[in-house]
Amino acid sequence: MSNLVFGKYIPIDSLMHKLDPRAKLIGLFLMIAAVFVPKSWWIFLLIALLLSIALLLAKIGIRMIVQSFKPMIMMMIFLLVINSLTVRTGDILFTIGTFAVYKDAILNTMFVIVRLLLMISITTLLTATTNPLDLTLGIEWLLTPLKVIHFPAHEVAMMVSIALRFIPTIIEETMRIMNAQKSRGVDFENGKLSEKISAILSLIVPLFSVAFERAYELADAMEARGYVPGAERTRYHVLKFRFLDFLFMFICTAILAVSILSRFYL
Amino acid sequence: MSLIVIRNVSYAYNETRNAVDGVSFDVKKGDYVTIIGHNGSGKSTLAKLIAGLLPIKEGKIIVEGKEVNEENIAEIRTRLGIVFQNPDNQFIGSTVKDDIAFGLENKQVRSQDMDAIIKEYAEKVGLTAFLNYEPQNLSGGQKQRVAIAGILAMKPDIIIFDEATSMLDPKGKKEIKKLMYDLAASGDDITIISITHDIEEVLQSDDCIVLNRGKLFMHDKPEKVFEDAEKLRQIELDVPFIEKVREVFAKRKIRLKANDLEGMVEELCRSGSKH
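These protein sequence lines map, in sequence, to chains A and B. Okay, so the first sequence: first residue is 173 according to this note's numbering, each after it adds one. Okay, so the second sequence: first residue is 520 according to this note's numbering, each after it adds one.
No lab work stands behind these hints: they were computed from the structure. Keep in mind that a hint or two might mislead.
Residues from chain B shown here face chain A by an in silico Cβ test under 10 Å; the list is partial [stated by the list, open to error]:
no.: 1; residue: Asn588
no.: 2; residue: Asn591
no.: 3; residue: Ile592
no.: 4; residue: Ile601
no.: 5; residue: Asp617
no.: 6; residue: Ile619
no.: 7; residue: Leu623
no.: 8; residue: Lys626
no.: 9; residue: Ser630
no.: 10; residue: Gln655
no.: 11; residue: Ser658
no.: 12; residue: Gly659
no.: 13; residue: Ala666
no.: 14; residue: Gly669
Pairs of lysine-lysine, PhoX-like flavour, derived with a Cα cap of 25 Å [to be verified]:
no.: 15; chain 1: B; residue 1: Lys638; chain 2: A; residue 2: Lys412
no.: 16; chain 1: B; residue 1: Lys743; chain 2: B; residue 2: Lys763
no.: 17; chain 1: B; residue 1: Lys626; chain 2: A; residue 2: Lys319
no.: 18; chain 1: B; residue 1: Lys697; chain 2: B; residue 2: Lys547
no.: 19; chain 1: A; residue 1: Lys190; chain 2: B; residue 2: Lys638
no.: 20; chain 1: B; residue 1: Lys626; chain 2: A; residue 2: Lys412
To be clear about the criterion: a stretch of chain B counts as covered by chain A if any three or more of its residues have a C-beta under 8 Å from a C-beta of chain A, and this derived list gives those stretches [as the list claims (entries may be wrong)]:
no.: 21; segment: 606-614
no.: 22; segment: 647-654
Bear in mind the structure is a predicted one, so any value in this text is a computation, not a measurement. Beta carbons: idealized from backbone N, C-alpha and C, even for Gly.
Just chain A, with the same shape it has in the complex (with noise of 0.2 Å):
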């Protein structure tokens, strides 16, 4: 499962891991804004023309981002099938029997993939290029705001950056889990629908308890090297802003609102 990608954080040296966690935590939210206003292809072309610079400058090959997308295949197909028997719009594009498939059915469907798509891609750029406490750090000064209302921003920090540290190895576990049950015969794949809840529930008890075990440890861990929530704490990494990050905040600033624009002008 080493191909296992989402969420993983690839400790190599690119530009776009120079950039300050906070500059790509604004930037790539507006980048995931302006991918869901656009009803124009081109906008949507430009977007993807820009992630694939910003990807090259990050050195995160193409392959990477492809078996990113491959967890989202399913729901992909479940989206269009939905689509195609709800959406009675537009033209007729073709018939199965005596069934009709609209092109709104086809083009929805298409519009909803490619925001996913973009979606996925600009999310792994951020966490492929961004170490996860640097993502806590990034996270926490984002959300110090909210301390005002006894928000608690940097548990909320840690949880997250420590969820996202933690997928590949908890999909790992699910394979691992997977194959033990195959190989003491459940059957994952066919079966009627209650043998296949009885399969899925075969992966789902071991798995959380498992996932509960490693929590606890992790927390062992955490405490016995002194880590108090709430404590004062210095950094390792002390961030900084710099003329790049404030350039990358621009050119997402100015996306989003080509993007906007898109909406009353194309």
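Following the hints, put chain B in place on chain A, whose structure we already have.
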């Protein structure tokens, strides 16, 4: 003066039985102490009680003159580190250097001083070349060395190894055991408490504690503990190979005094040449 004082400590996870039951012993500064016993004998529970990871409900534990309780635990933890069994479940940092830095951040070491400390302790455990690696991508032995570096960087007086070698392959085991022996012999006055199933490791320690069903079963120098092999066998614990050899010869009225295999062979050769 004892560095750790444990007095009548008991702990129960449920009402069925005590995981640790009225245990008392002292640990001297700079000693290498091993704790052995079967699974469920209370070894890891005792380690967690010493580190303040479980609340002490009965008895008391004093570390460097301070009682382990909520009030003192933060201070005690700056002087005490614990290396756990599963290296995968103790990483917080996404790279080796970030992970070593985690404890330093908690200890409020100044940011500008951290790099030098990280490099010093990475070098000590032989991981200088791996500072930018993700801990998950290292071997089992290397992962445990990262965990040890993270703890050493906090400059503790006491390190508890909670079956730190039990999930490693033979090469990883050898690496970590060597590191533990080097630390014990380094003259830095680090006190080591090692919870282990490795009987050969026990022979290298200054003091051995045997736990059985939560109770203190034996506490003595390792050679004294293993002299009473029958007592250990009562609780189905093994004795080191060297003690088994000594026993076999003792049955044939040949008394061997050496504490290592080479010494024994030497003794046997000498007694053989006399005859």
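Sort out which numbered hints this structure fails and list those numbers smallest first. 1, 2, 11 and 12
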